[in-house]
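With the sequences and hints as input, model every part of the structure.
There are 2 protein chains.
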Amino acid sequence: MELKSKSSENIGIVGLGLIGGSLGIDLQRMGHSVYGLVHRESTAQRAKERGLAQIISTNPNILRHCSVIILALPLAELLNPSPILVEALPLDAVITDVGSVKNPILNTWKQLHPYFVASHPMAGTHQSGVEAGVKDLFKGKPWIATPEEKTNPKAIETIKQLAISIGAQWITAKADIHDQAVALISHLPVLISANLLKIIAEEKDPKTLRLAKSLASTGFSDTTRIGGGNPDLGLSIMKSNTQSILELIKLYKSSLEELESKIILKEWEALKEELENSKEIRKNFLNKQV
Amino acid sequence: MELKSKSSENIGIVGLGLIGGSLGIDLQRMGHSVYGLVHRESTAQRAKERGLAQIISTNPNILRHCSVIILALPLAELLNPSPILVEALPLDAVITDVGSVKNPILNTWKQLHPYFVASHPMAGTHQSGVEAGVKDLFKGKPWIATPEEKTNPKAIETIKQLAISIGAQWITAKADIHDQAVALISHLPVLISANLLKIIAEEKDPKTLRLAKSLASTGFSDTTRIGGGNPDLGLSIMKSNTQSILELIKLYKSSLEELESKIILKEWEALKEELENSKEIRKNFLNKQV
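These protein sequence lines are chains A and B, in that order.
1 is the number of the first residue of the first sequence in the numbering used here; add one for each residue after it.
1 is the number of the first residue of the second sequence in the numbering used here; add one for each residue after it.
Among these hints, one or two may not hold up.
Stated by the list, open to error - Calculated pairs, PhoX-like style, for lysine-lysine (alpha carbon to alpha carbon, straight line, at most 20 Å):
1) B:Lys135 with B:Lys48
2) A:Lys198 with B:Lys272
3) A:Lys213 with B:Lys141
4) B:Lys213 with A:Lys141
As the list claims (entries may be wrong) - Which residues of chain B face chain A? A partial, calculated answer using Cβ under 7 Å:
5) Ser193
6) Glu202
7) Thr208
8) Leu211
FYI, nobody ran anything at the bench for these hints, they're computed from the structure.
We treat Cβ as the ideally placed atom computed from N, Cα and C, and that holds for glycine.
The following block contains the structure:
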């Protein structure tokens, strides 16, 4: 089928949580007609009250009207999509997703739809559910697409224009580069941070534990924030980006052993150099001007 | 010598950085006369302009007027104090410190002064230097003292009243319990966080690194904040709380290996349980109501 394109589209959003709901708010403001598909009647009701889309239903058939469809579903559902959903997607619509791991999604979806564009809008993940969507969530945030050679250029362009229209910063990368990069800045940190919390649970002395609890402050809170986040999301990430994460755990362990050995051997000058390097790396890494 | 006590004291502060400067501001507001001792003439000048104490000098002799003296110095200087400073401390004054590791400080200072009370006011450490001091820094924050049986009770009471008067929450603990607790919630996290930054530097693929940099956001920034902090402070901590830290690194490594093995063996249910536990621990640990 031939791909159509209009300036004001009928856009379908599957799932109206933080990402889907926020997209619904922004895309309606851009003049599009937004069709929201949700699992439960109660969610549909609340999403209507919040105005997350013009048409909201639990019936996949509403997607038949749409020329662009965004699958704003949890990673697990993206990797194992319901056949009814796949069936309801028009063959001439452009389809994209919002999953935080791209290789397995691309491999699944390129077999399911001719105009699939794998993408990952980066946005906060503390909130979830139908109450979470807010306007301007994507403003100034990266929206990474991971097209392959075979991905339809017009389909890519459609998603690009959609992302840019709501203020996101469009980036393309190979799926495996994406998955390695997010393993580095997000997935490994989740595990490292969760493991710090695991250590707390292993402290057996009640006096130490009580004092530690009364002293725990912003430093502890910041370092453990992503490790104490949504377990379902954490699990899907570990399940779907396994190889990159395992490689980084290996690196992390041997690097930690180097630091440990410097402490054991009292190589203080070398340890100081490591801490100075870490400070420098962070400064450089978080300075987006460069 | 007998210990004197007055409601309005002459208080000496050695060092007018974040902690010393903030104490100077608050203690002057409480009606005390504050004497500030600093290393450099230029610091004295700036501290005078900022009003961090009434009397500010580079001459240790100003401490001779003081009945309470707070050593607001970096850990390294507290552990290896200048003989001139020690000489200048009146024998009938109450002396306290602000160091973040207590056992080695207590062991050093109990031999140097009869009225030494080891203490650790908890407060942010991002800022430092003569510009860093602010009012109300200690309000609602824990101020932990680690007295021994031999510590003079009247000296403890003097520091307690001083801490409470500026809004801090007074806590006492054994020095080794303190050092173990801060290793858990602060010193281990510094190392774990610094090591995440070290891993970044080991990523050799420029494309991955460039993408990782453009995607790094609040999650990465929070998790690496304390690891990218002051290298001198980090080093002093590792040097002075070595044993507790090494024990925790050992625990951390074996716990990380458990997580790693769950990923390798695809024990997803068990991994999900770990992530759920971590979430629960954090919630419970940061809930100060309990």
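Task: Evaluation of the interface hint that places serine 193 (chain B) against chain A, nearest CB under 7 Å - done: 6 Å, holds
- [ ] Grab the minimum C-beta distance from threonine 208 (chain B) to chain A and call the hint holds if it beats 7 Å, violated otherwise.
- [x] At 5 Å from the nearest chain A Cβ, threonine 208 (chain B) passes the 7 Å test, so the hint holds.
Open item on the list: Next pair to validate is lysine 213 (chain B) with lysine 141 (chain A); report whether the Cα-Cα distance is within 20 Å.
Closed with: 13 Å, holds
TODO: For the pair we were handed, lysine 135 (chain B) and lysine 48 (chain B), check the Cα-Cα distance against 20 Å.
DONE: 16 Å, holds
Open item on the list: Please check whether leucine 211 (chain B) passes as an interface residue: C-beta within 7 Å of a C-beta belonging to chain A.
Closed with: Status holds, d = 4 Å.
Open item on the list: Check whether the Cα positions of lysine 213 (chain A) and lysine 141 (chain B) lie no farther apart than 20 Å.
Closed with: Holds, at roughly 13 Å.
Open item on the list: Min Cβ distance, glutamate 202 (chain B) to chain A: is it shorter than 7 Å?
Closed with: 6 Å, holds
Open item on the list: For lysine 198 (chain A) and lysine 272 (chain B), compute the direct alpha-carbon distance and say whether it is at most 20 Å.
Closed with: Given that 20 Å is the threshold and the Cα spacing comes to 13 Å, the pair holds.
Every hint from the earlier list agrees with this structure, and none is contradicted.
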